[in-house]
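A.B. asks: One letter stands for each residue in the lines below.
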Amino acid sequence: MTRRRIEADPDLAPAVLPAGVLNEVFAHAREAEPEECCGLIAGDDRDPFRRVVRCRNDMTLHHRRDPVQYPRDGREGFYMNEQDYLRAEDEAEARGERITCVYHSHVGCGAWFSELDQEYAEQPLFPFPEACHLVVSVVGGKVVDQALFVREPGEAGTARFVGRPVVHGRW
Amino acid sequence: MSARVRLPAALRPLVGGRSELSVAAGSLRSVLDALGREAPELRERLLDETGRLRRHVNVFVNDEDVRFRELLDTPVREGDRVTIVPAIAGGGRG
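Quick mapping for you: the protein sequence lines, in order, are chains A and B. For the first sequence, counting from 1, position 66 maps to 66 in this note's numbering; every step adds exactly one. In this note's numbering, each number is its position in the second sequence, counted from 1, plus 171.
A portion of the hints provided could be inaccurate.
Unchecked claim - For each label pair, taking beta carbons as the anchor points, the in silico distance ranges come out as:
id, chain 1, residue 1, chain 2, residue 2, range
1, B, Arg-189, A, Gln-83, 18 to 28 Å
2, A, Leu-12, B, Glu-249, 49 to 59 Å
3, A, Gln-83, B, Glu-241, 34 to 44 Å
To be verified - Stretch by stretch, here's where chain B covers chain A in the computed footprint (C-beta under 8 Å, at least three residues):
id, segment
4, 43 to 52
5, 62 to 68
6, 141 to 153
Claimed, not checked - Here are a few chain A residues that sit away from chain B, every Cβ distance over 12 Å (derived from the structure):
id, residue
7, Asp-9
8, Asp-11
9, Val-16
10, Glu-24
11, Glu-91
12, His-104
13, Pro-129
Hints listed in this document are in silico derivations from the structure and should not be mistaken for laboratory results. Since we're looking at a predicted model, the values are computed, not measured. All C-beta atoms, glycine included, are put in the ideal place defined by N, C-alpha and C.
Next comes chain B alone, as it looks inside the complex (with noise of 0.2 Å):
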C-alpha cells in the first residue's frame, strides 16, 4: 500500500492532470521527493531553494497540519492522505 497525494488545481496540469497520485509512504520528504520525481517542476513550486516549505504551501497529512507536526518530516504513513493546499493570506499594513 501506498499513500495518496491530493494535488491542488493549479498543480494538475504538471501530473497530466490528475488530482491525486499515490506514492511510497515514509516522510513527507520523501512523499515530496517522489512527487519531484513524475514533475520535477512540481517540486520546485512546492519547495524553494533552500529545501523549506514554501511560504505559500501548507500541508496536511490526515487533516493534520505538517507545521504543528514535524514539517518535512512528518511520518506519512500507508493509507495516509497528504493534502497540498495554497494559502490565502494578506494583511493591511504591508
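Okay, chain A solo, but in the shape it has when bound (with noise of 0.2 Å):
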C-alpha cells in the first residue's frame, strides 16, 4: 500500500486538549530529544485526556539488536516498551478509563503522521484502533507544532487519518 504523509489540515478547527496534558506531553518530547519520546493519554467518556502515561522508546534498542528489520533507532523512531504500555492499558482499566490517545515526537521534522506511523496504526492487530494520535515536533529544545490524527470513514467502507491542529485548553 502507497502512504504520503499526512500534514494537519488548517482548515479544520483545532483539537482544544486541556493545557496541564499537552504541557506533559510536551515536558517529554523536550527531555528525550534527539531521541523520539511516546506514551500514551487515558481518560472516559467525560474527561478523554486525563492522565500522561510515558513509555520508554526502544527503538533504539532494537535498531541495535537488528538493523536490517529496524533501520533507523530512537532519533528517527519510536518503539513503545510493550511492558510500559500493557501495564498502562491495565492500569486505566482498573480506574475505568481507557487509553483515548496515543503520542510521540519528531525531532527536528514537522508534526505530521508519516508513512510509518500510519503503518503501525492502520495494522489490524494495532491494540487501540479508536484512539487518537497526537504527534508533537521537537527543534532545538522547543516544542515548535503539534497536531492529532483522527482515524475517520472513508469512502468504501475505509477508514483515513485527518490531522487537526492542536491548542491548549483550560487546565
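Put the two chains together into one complex; each comes in its own frame, and the hints tell you how they fit.
C.D. replies: Below is the structure:
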C-alpha cells in the first residue's frame, strides 16, 4: 500500500487539549530529544484526555540488535516498550478508564503523521484502534508544532486519518 | 501440563472470544503451529510468508522478549506464559 504523510489541515477547527496534559507531553518530548518520545493518554467519555503515561522508546535497542528489520534508531523513530503499554492499559482499566490517545514526538521535522506512523496504526492488530494520535515536533529543545490525527470513515468502508492543529485548553 | 497463551484483543474473535488458550509446551514455533491448528488465520496474522514473526507483532515468554532470545526456537516449557503483543511504533522521517 502506498502511503503519504498526512499533515494537519489548517482549515479544520483545532482540537483543544487540556493545558496540563499538553504541557506534560511537551516536557516529555523536550527531555527525550535527540530521541523521539512516546506514551499514552488515558481518560473516559467525560474527560478523555485525563492522564499522561510516559512509555520507554525501545527503537534504539531494537536497531542495535537487528538493524535490518529496524533500520532507524530512536532519533528517527519510536517503538513503545510493550511492558510499559500493557501496564498502562491495565492501570487505565482498573481506574475505569481507557487509552484514548497515543502520542509521540518527531525530532527536527514536522508534526505530521508519517508513512511509518500510519503503517503501525493501521495494522490489524493495533491495540488501540479507537485512539487518536498526538504528534509533537521538537526542534532545538523547543516544541514548535503539534497535531492530532483521528481515524475517520472514508469512502467504500475504508478509514483514513485526518489531522487537526492542537491548541491548549483549560487546566 | 501445558503452556498458557495470552492473545491481544484483536485476535480473540478468531478463537471464539477467548483471551487465553492452553497449548502443549515445546518451542515458540510449535506453540504457534498449535494456534494455527486452532485457527489458521491466527497463524497468518502472526507470521509472514517466510515464516518469520511479523514486525508488527512481538512475543514474550514469561516476560522475556523472544527477540532477545531465540525467536521462534525459544523454548516454551510447561507452565510458561506466552504473551502475544502487537507493536506500537512509528517515526518522523518516513
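A.B. asks: With reference to the structure, classify each hint as holding or not holding.
C.D. replies: To see whether the hints hold, each was checked on the structure:
no.	hint	result
1	B:Arg-189 to A:Gln-83: 18 to 28 Å	holds, 23 Å
2	A:Leu-12 to B:Glu-249: 49 to 59 Å	holds, 55 Å
3	A:Gln-83 to B:Glu-241: 34 to 44 Å	violated, 20 Å
4	43 to 52	violated (count 0)
5	62 to 68	holds (count 3)
6	141 to 153	violated (count 0)
7	Asp-9	holds, 19 Å
8	Asp-11	holds, 24 Å
9	Val-16	holds, 24 Å
10	Glu-24	holds, 19 Å
11	Glu-91	holds, 16 Å
12	His-104	violated, 6 Å
13	Pro-129	violated, 8 Å
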